[in-house]
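Colleague: Starting from the structure of chain A, add chains B and C where the hints point.
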Amino acid sequence: MLPPVFGVLFDGIAYGMLLFLLSVGMSVTLGLMNFVNLAHCAFGMLGAYVTVMLMKNFNWNFFATLPFAFLAAAFVSVLVERTLYRRLYRATDLDQVLLTIGLAFISVAAAAWFFGTTQQPVAMPSYMRGSITFFGLNIGIYRLFLIAVGIVVTILLVMTLEHTRFGAQVRAAVDNQRMARGLGIDVDRTFAVTFALGSGLAGLGGALAIEIVGLDPHFAFVYLVYVLIVVSVGGLGSIAGSFAAACLIGISDIAGKYYVPQLGGFLIYLVMVAVLMWKPAGLFGKRS
Amino acid sequence: MTASDPAAAMTPQTYMQSLSRWRVLEIAFWLATLLPFWLFPTYLSLASQIAITALFALSLDLILGYAGIVSLGHAAFFGLGAYSAGIFTKFVWGEPFSGLLVAALVAGIVGFASSFIISRFRHLTLIMITLGLGLLLHEAANSMSWLTGGSDGLQGVSIKPVFGVFKFDLYGYTAYGYALGILFLCFLFTRRLINSPFGLALRGIRENFTRMPAIGADSRAHIRKVYTISAIIAGIAGGILAQTTETVALEVLSFERSADVLVMLVLGGAGRLYGGLIGAGVFMIARDQFSGIAPQYWYFWIGVLLVVVVMLLPNGILGGLSKLTARWRRK
Amino acid sequence: MSAQPVKGTVALSARGVQKSFGSLVVARDINIDLPVGARYALIGPNGAGKTTLINLMTGMLVPNAGQITLGGEDVTAMKPQERVRRGLARTFQINTLFAGLNPLEAVTLAVCERRGIAGRFWQNIAANKDAIEEAYEILAKLKLGDACYRTTRELPYGRQRLLEIALALATKPKVLLLDEPAAGVPHEESGEIFEVVAGLSDELTLLFIEHDMHVVFRFATHIIVLVGGAIFTQGSPAEISTDPGVREVYLGTRKHG
Chain A
1 MLPPVFGVLF
11 DGIAYGMLLF
21 LLSVGMSVTL
31 GLMNFVNLAH
41 CAFGMLGAYV
51 TVMLMKNFNW
61 NFFATLPFAF
71 LAAAFVSVLV
81 ERTLYRRLYR
91 ATDLDQVLLT
101 IGLAFISVAA
111 AAWFFGTTQQ
121 PVAMPSYMRG
131 SITFFGLNIG
141 IYRLFLIAVG
151 IVVTILLVMT
161 LEHTRFGAQV
171 RAAVDNQRMA
181 RGLGIDVDRT
191 FAVTFALGSG
201 LAGLGGALAI
211 EIVGLDPHFA
221 FVYLVYVLIV
231 VSVGGLGSIA
241 GSFAAACLIG
251 ISDIAGKYYV
261 PQLGGFLIYL
271 VMVAVLMWKP
281 AGLFGKRS
Chain B
289 MTASDPAAAM
299 TPQTYMQSLS
309 RWRVLEIAFW
319 LATLLPFWLF
329 PTYLSLASQI
339 AITALFALSL
349 DLILGYAGIV
359 SLGHAAFFGL
369 GAYSAGIFTK
379 FVWGEPFSGL
389 LVAALVAGIV
399 GFASSFIISR
409 FRHLTLIMIT
419 LGLGLLLHEA
429 ANSMSWLTGG
439 SDGLQGVSIK
449 PVFGVFKFDL
459 YGYTAYGYAL
469 GILFLCFLFT
479 RRLINSPFGL
489 ALRGIRENFT
499 RMPAIGADSR
509 AHIRKVYTIS
519 AIIAGIAGGI
529 LAQTTETVAL
539 EVLSFERSAD
549 VLVMLVLGGA
559 GRLYGGLIGA
569 GVFMIARDQF
579 SGIAPQYWYF
589 WIGVLLVVVV
599 MLLPNGILGG
609 LSKLTARWRR
619 K
Chain C
620 MSAQPVKGTV
630 ALSARGVQKS
640 FGSLVVARDI
650 NIDLPVGARY
660 ALIGPNGAGK
670 TTLINLMTGM
680 LVPNAGQITL
690 GGEDVTAMKP
700 QERVRRGLAR
710 TFQINTLFAG
720 LNPLEAVTLA
730 VCERRGIAGR
740 FWQNIAANKD
750 AIEEAYEILA
760 KLKLGDACYR
770 TTRELPYGRQ
780 RLLEIALALA
790 TKPKVLLLDE
800 PAAGVPHEES
810 GEIFEVVAGL
820 SDELTLLFIE
830 HDMHVVFRFA
840 THIIVLVGGA
850 IFTQGSPAEI
860 STDPGVREVY
870 LGTRKHG
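Protein chains in written order, with this note's numbering: chain A, 1 to 288; chain B, 289 to 619; chain C, 620 to 876.
In isolation and in its complexed conformation, chain A is listed as follows (with noise of 0.2 Å):
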């Protein structure tokens, strides 16, 4: 017999993997072209409709669905980027903020007219819903396939960044885009393409995420917190940083809801405020 503390560890990790999906493009995005994207969300809640309609209206698979989450995302995202944020690549933080806010409001808005505003219902795939049982702890099929799919997406992304020319160009360009431009990379390119990608995980991970946290049009807001709070953990524009910090907000956030329930969602932020305080880049950052 395993300990209850396994239980929680794998929880937190699945939990993790939701939130790793969710804020590596941020993480990256923030990291190119220091864009605070406060509607990043809004891609992942996205992602996550349009699971639920071809769900419910084409009867589709679940599975089938999760490239079309990830496509709509990573489209929508760069209409956007194309008409509004590009213009304010070089505007102060606030103006970014208000933008993107004021964008957040409207996707909330948006979703909340088109689908209402109650809990979206998904209905998995038998084979995903039980469970089984290892040393006495029950194990989750679902999170362990969201484990199974943040490793991979992780190892993708590690290998598009380190192995391709596109990757050579992206880690460039974080690390310093002037110098990246002078070696003739076309930094706003590699960002449109970037940007798509990043927006089309959180897609993907809005759309895994309803099986967990359900879906109604507060996504948006809601987890925009937890993915601004990992992606100043983990560090601008560090994958390893992202996957890092998910894994351990994960963690607290189910541990903290296991062992001091008394406390709620309390324990997140004190390991952000801590982290931050220790080391202002985060985790694995180079810079703040």
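It should be emphasised that the hints constitute simulated quantities derived from the structure, not laboratory data. Warning: the hint list may mix true and false statements.
The list that follows gives simulated cross-link-like pairs (lysine-lysine, BS3-like), each with its CA atoms no further than 27 Å apart [as the list claims (entries may be wrong)]: (1) C:698 <-> C:762; (2) C:748 <-> C:793; (3) B:513 <-> C:791; (4) B:513 <-> C:748; (5) C:748 <-> C:760; (6) B:513 <-> A:279; (7) C:698 <-> B:513; (8) C:698 <-> C:791; (9) A:279 <-> A:257; (10) C:762 <-> C:793; (11) C:748 <-> A:279; (12) C:748 <-> C:762.
Modeller: This is chains B and C only, laid out in the frame that chain A set:
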């Protein structure tokens, strides 16, 4: 140059003096705040809500508009003030001014303590820290329900008459007079502050953070000071809310309140002293007028407004107006 | 606070100052002594580390090794503003001004900071007559008197360069480090800026970075040549102008008077 040329008669000192001279428009503005007593007596409770929110926006303007600190958690101090005044009034003493003093004190102490964290950071990390501290406090108030009433709110706050004479009446005459009076006093203080050497130093921080050390300035000390002052004013605003509504809801500490006040300030024009006041008025009146629609659609229009302001009106309503008048004068 | 400057003593010195970013060494065993009242020029090709050296001396960068002393006091661990208060001021090669303030406000701010009254939030700025008048005097001396009510960002570029110097002077420095005071100013006007520099009190210790060799030879009594983050050579203008090594690495194809 003729004697009537104002520049000829101006010495550097009289020029500095002229910057803080009261303008006719300002006097007209404050006289106009008295109109609701006679013109809209049925809207007095809205008017006192506006006065409270305007005071809150004024406190944010000190750090955002003058020192350039973007905060997404300023409701922390508003809420602290509201709970402190509410709890003090309920359990200790119902006299209103001493309640406000307690609110100011508690918000000021927490503001001073957190200013040591705030002054170490800039940009995204700073935004995150302010957000985190705000949420932390929100969670704390929620879990300490034995003291705060948790999500049911703090009930049974009964307040004594102002100066022992003016009872808080159902129509809100006293409430508005009280809120407006405190707002005006805090405004006078803030107005003096921004026309002081310290106010100049704050504008220096906003205009060029990196130059400040090169002229021998300790920007962090300045930021700690203004953050504490801002927290005190926000706490007073929260205190008035608790006293005039005789309850405190958990919402005083919410992220929405922090976001709303930011929106109002930017809408009115940050760093312009009257920006927060005008923004609060426009925002609150609009929300009251559209109170029939569900809150999420209200936020839709706020969202549209934000996008428009950022893209087309970067200095808010007041900035747009002053641009217009400048263009008109040139013609 | 250190005592009044005495001629012949060292006002500012760097001892074995070293700085690197990763594997890139930007300052290599720098030793400099600026005597009180010096008029020293710091020259060298682009990327030689001249601005870095000023950043190291003023505390905007922290050296990996070495020591900076100001009037005999070790200031290596001090923050920039603490060094400013002890009399070490600088100007910036790229205008680093308060764009939304006018020159009178900006210089008054610097004067208030020096007098330790910039934290007074209860007092109208206009009540500090002395500070405002002192600020105006500095501006008038630099021929900015007529421009002092105009917003900085609307001033002509040459005036902005003068305001750079005015802000530094408002701190009442004993040592002033000028980073290309006439950078970006058309050749005809740069003389005007250096006339201002030349007119500064001879008790003030000066080190300036400059590319124009005419100007350097005219105003400097001593020249330090920096190459690749290290001091290549130093000496009087006559020695430097005839040094074949300097001609090769720095003057190169350029001709001078």
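Colleague: Against the structure, test the hints numbered earlier, and report the numbers of the ones violated in rising order.
Modeller: 1, 11
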